[in-house]
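Each chain is listed here by its residues.
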Amino acid sequence: MTPERLQQLIESYGAEVDRWPRSERDAARTLLERTPDAQAQLRLERDLDVVLDRWPAPDPSALLARRIARQAGTVAQMRRPDAIGARRLLPQVAAMAAAAALGFFIGMNGIVLAEQPDNIDVGGLVLGSAALEAWQ
Amino acid sequence: MLQDVAQQVGDQADEALMARVGGGDKLAYRELVDRHLARATRLAYRITNNRSDAEELVQEAFLRVWTTAPRWRVEGALFRTWFSRVLVNLCIDRRRRPDFAPLEAAGDPPDGSIGADQRMVQDEEARAVGAAVAELPERQRAALALCYWDEMSNLEAAKVMSLSVGAIESLLVRARRNLKARLGPSLGRITEDG
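Each protein sequence line maps, in turn, to chains A and B.
The first sequence runs 8 to 143 under this note's numbering.
The second sequence runs 13 to 206 under this note's numbering.
If you are wondering where the hints come from, they were derived from the structure by calculation, not from laboratory data.
Just so we're clear, the structure is a prediction, and the values are computed from it rather than from any experiment.
Note that the Cβ used here is the ideal one computed from N, Cα and C, for glycine as well.
Among the hints, a few may not be true.
[Claimed, not checked] The following label-pair restraints were derived from C-beta to C-beta distances: (1) B:Asp46 with A:Thr81: 44 to 54 Å; (2) B:Arg131 with A:Ser30: 35 to 45 Å; (3) A:Glu31 with B:Val133: 14 to 24 Å; (4) A:Asp44 with B:Lys38: 55 to 65 Å; (5) A:Thr37 with B:Leu39: 46 to 56 Å; (6) A:Ser30 with B:Ser64: 39 to 49 Å; (7) A:Thr42 with B:Leu167: 24 to 34 Å; (8) B:Gly35 with A:Thr42: 49 to 59 Å; (9) B:Arg83 with A:Asp44: 46 to 56 Å.
[Stated by the list, open to error] If you only want the chain B side, here are some residues facing chain A, beta carbon under 10 Å, derived: (10) Lys38; (11) Arg54; (12) Val70; (13) Arg83; (14) Trp94; (15) Ala138; (16) Ala144; (17) Ser165; (18) Met173; (19) Val177; (20) Arg189.
Please work from the sequences and hints to get the whole structure.
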């Protein structure tokens, strides 16, 4: 504990040593006892503490608790998509992926056929049909 | 030490309640609200200095508890820390809105045990402190509310405000210096009267 740190504790947390960080209290008390400047600073901070302690804060109104409790009956909770939910979606996702791949495949073959009508690769079409069946 | 043990037990109870709230348990939600409502309202009031704003923000914070409870563990923080962060951020955002009304009396019912003169002095003092606190930059006010009135440790306050402990202490020092400068003329008189 240094005099500078003691000064910072007093200025940060006020005059009540029990409000200071627990790990530093004992060392700070010891140093405080033999540091008149710090004791004078402590008295100044005590004046502010007294005023802050007296500043009242209201209790919650009786209606507030009821209003808050009512929220639970009217507002839905945000739930994480769970594993079961993900498994339920799997067939739809797989079907969409298959449809997209199929569309791409047909589109690409259609372009080749349109551009090269005299060079139809019958073997490729057969393979393509087989692949199509595999996708389906 | 006893306070730490009580805090740990409280934290565990909060986590158990949050797990139930995450499953849609409304009774657990009400219990969690009961445990934190008064503290949250006071904390929000210290930052906003406005009772109706404070209650509205507390309601919003608890709504977030309800809606996000099923996913809450993802946050990886104690409930109290996480909830305080939600509330403090809401309060700071509200303070930045231009329609914020900076001053309002606490609205407590009159204390029948004191005379009218003394009550007037107390009201004046409360207004002066409220005004001085309201003039602080919002992060200084939030740090002071968490560490002083809410008695949160510097480490936890740092987590709530996503800052280092050093930054929290720096905010506290500046907040207290600002308050002493603003309350300066009345500070000695107030404490002498008390």
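Does the Cβ-Cβ separation between Arg131 (chain B) and Ser30 (chain A) fall within 35 to 45 Å? Since the Cβ atoms of Arg131 (chain B) and Ser30 (chain A) sit about 42 Å apart, the hinted range of 35 to 45 Å holds.
Double-check Lys38 (chain B) for me: the hint is only fine if its C-beta lies closer than 10 Å to a C-beta in chain A. 5 Å, holds
Are Arg189 (chain B) and chain A close enough, Cβ to Cβ, to be under 10 Å, as the hint says? Status holds, d = 7 Å.
Between Thr42 (chain A) and Leu167 (chain B), does the C-beta distance stay in 24 to 34 Å? 26 Å, holds
Tell me if Ser165 (chain B) is really an interface residue toward chain A, meaning its C-beta lies closer than 10 Å to one of theirs. 7 Å, holds
Given Ala144 (chain B) as an interface hint, is the shortest Cβ-Cβ distance to chain A below 10 Å? With a closest approach of 9 Å, the Ala144 (chain B) hint holds.
Determine whether the Cβ-Cβ distance between Thr37 (chain A) and Leu39 (chain B) falls within the hinted range of 46 to 56 Å. Given about 50 Å between the Cβ atoms, the range holds.
Using Cβ atoms only, decide whether Trp94 (chain B) comes closer than 10 Å to chain A, and label the hint accordingly. 15 Å, violated
Tell me if Arg54 (chain B) is really an interface residue toward chain A, meaning its C-beta lies closer than 10 Å to one of theirs. 4 Å, holds
Does Val177 (chain B) pass the interface hint, meaning its C-beta sits closer than 10 Å to a C-beta of chain A? Check passed: Cβ of Val177 (chain B) comes within 8 Å of chain A, closer than 10 Å.
Determine whether the Cβ-Cβ distance between Arg83 (chain B) and Asp44 (chain A) falls within the hinted range of 46 to 56 Å. 52 Å, holds
Proposed interface contact between Arg83 (chain B) and chain A, which counts if any beta carbon pair is under 10 Å: Hint on Arg83 (chain B): holds, closest Cβ of chain A at ~5 Å, below 10 Å.
The structure is inconsistent with the numbered hints 1, 3, 14, 18, although it conforms to all the rest.
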